[in-house]
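Line order of the protein sequences matches chains A and B. Quick note, the first sequence lines up with residues 1442 to 1691 if you use the working numbering. Quick note, the second sequence lines up with residues 1442 to 1691 if you use the working numbering.
Keep in mind the hints are simulated off the structure, nothing from the lab. Treat the hints loosely; a few may be bogus.
Which copy is meant is left open, because identical chains are indistinguishable; a pair holds if it fits in one copy or across any two.
Listed below are the simulated BS3-like cross-link pairs for lysine-lysine, each with C-alpha atoms no more than 27 Å apart in a straight line [what the hints assert, rightly or not]:
| id | residue 1 | residue 2 |
| --- | --- | --- |
| 1 | Lys1673 | Lys1606 |
| 2 | Lys1464 | Lys1582 |
| 3 | Lys1679 | Lys1606 |
| 4 | Lys1443 | Lys1464 |
| 5 | Lys1531 | Lys1464 |
| 6 | Lys1606 | Lys1531 |
| 7 | Lys1511 | Lys1673 |
Chain by chain, the residues run as shown.
Number of protein chains: 2
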Amino acid sequence: MKPVTLIPIHGIPIIQPGDDLVKIIIGRLRAAHLSLTSGDILVLTQKIVSKAEGAIVDLDTCFPSAEALKLARSCGKDARLVELILQESKKVLRQRADVLITEHRRGWVCANAGIDFSNVPGNCVSLLPRNPDRTARDIRKRIRHLVRVDVAVLIIDSHGRAFRKGAIGVAVGCAGIAVLKDMRGRKDLFHYRLRSTEIALADELASAASLLMGQANEGIPAVVIRGLTYRKSAQPAKDLIRPEAIDLFR
Amino acid sequence: MKPVTLIPIHGIPIIQPGDDLVKIIIGRLRAAHLSLTSGDILVLTQKIVSKAEGAIVDLDTCFPSAEALKLARSCGKDARLVELILQESKKVLRQRADVLITEHRRGWVCANAGIDFSNVPGNCVSLLPRNPDRTARDIRKRIRHLVRVDVAVLIIDSHGRAFRKGAIGVAVGCAGIAVLKDMRGRKDLFHYRLRSTEIALADELASAASLLMGQANEGIPAVVIRGLTYRKSAQPAKDLIRPEAIDLFR
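Construct the entire structure; sequences and hints are all you get.
Pasting the structure below:
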């Protein structure tokens, strides 16, 4: 095992709908005398992906339903925002103070369906990307097309946890890497066969990249992770979601 | 923001009760022509800490209670192991197949009270360290004493999650670093004040280090994280545990 380096990509401008993220990232790396190399893992915040895809909604264009109006009164949120949260969710699981914990249409259990105000202008909010696994695959292909290197791509968000305080980076879209590392059947130092350990590799990578990204005005929405050996795979990040039937608390 | 490097410490021998972990780690770093420098974050698996502290139990010395015998029948586990799990826990929260999700006496919600067979010899199991926040403080002091540098120390374990598959590294003991990074009140790129974001910095660091450690026979129980700017603090890792009153699913 060699050292692993987390490299921040500086100088990425404020992303607009339709921007070519890959061209921008390659340009910013070049400006820093860096380039992507095969085996790198490129990690992007969901926020710049959402912006590039235009998954930004002006609250003034939202008209809350009766259900949203009622829920908004009980949690003290803007009813237009609650309407969006409901539209993005399969169901509301819990309400704590002004936070709605929902199951997003794509299966993530997170606060406010992943909708937030940060780093979007004016009265707008950003939704989670429509299909981040597909976007990760598209970005990976575009990198191969533009600079002929084979990298893994992760799109990440910050989620809270049921039993621990604070949010951490988790992978919501992946391409080119096995998101779960199955240790079952491998031997330990005493030749004992491990029976149950499965590591959420993509989530650990998401948390590692998140260390450099911040959530405020750091302006680091992309990080390259270099030096880690991993198994290539077409496994999507949605494989990290525990189906309701086997989750631990529903 | 500069690159951050995750440096594996190779060649750490199988740890025995009473071993001086700090001396061993400094020795292994020296052998690789490396040394700790101020600002480094030293991350250790709970496993080597438990071994050094002698938190290893031979199952042949365990006598299961009636409660343990009953629970062992329903989950198909060794009753002596169930006895240990009960002794280490405040309560059993869930039982799924052969896994008992419990609240550990120190507050962690994890599988089998953190007890496992891996990387311990024979018929023995390792318990979680008795007081990993205290041990982290002791290790930090000992490093200052031996090599006169000021580092942060993390003791980590791998925990499963309620809604996501796979385990990830989390911090169970910390010293010298603010475990939660409070972003509330900070401004984003559009000068919007963030209202709710608190990042579990120590858990993100734990996951980052865990990328190099593995759970099987990798033999990398210690990693140095270098290059990250962080706030020094005496905040313990137990501050990462969500009190039951504000947790989301009890």
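Consistency of the hints with the structure:
no.: 1; hint: Lys1673 x Lys1606; verdict: between (32 Å within a copy, 19 Å between copies)
no.: 2; hint: Lys1464 x Lys1582; verdict: within (13 Å within a copy, 48 Å between copies)
no.: 3; hint: Lys1679 x Lys1606; verdict: both (24 Å within a copy, 10 Å between copies)
no.: 4; hint: Lys1443 x Lys1464; verdict: between (30 Å within a copy, 22 Å between copies)
no.: 5; hint: Lys1531 x Lys1464; verdict: neither (35 Å within a copy, 54 Å between copies)
no.: 6; hint: Lys1606 x Lys1531; verdict: both (25 Å within a copy, 20 Å between copies)
no.: 7; hint: Lys1511 x Lys1673; verdict: neither (47 Å within a copy, 44 Å between copies)
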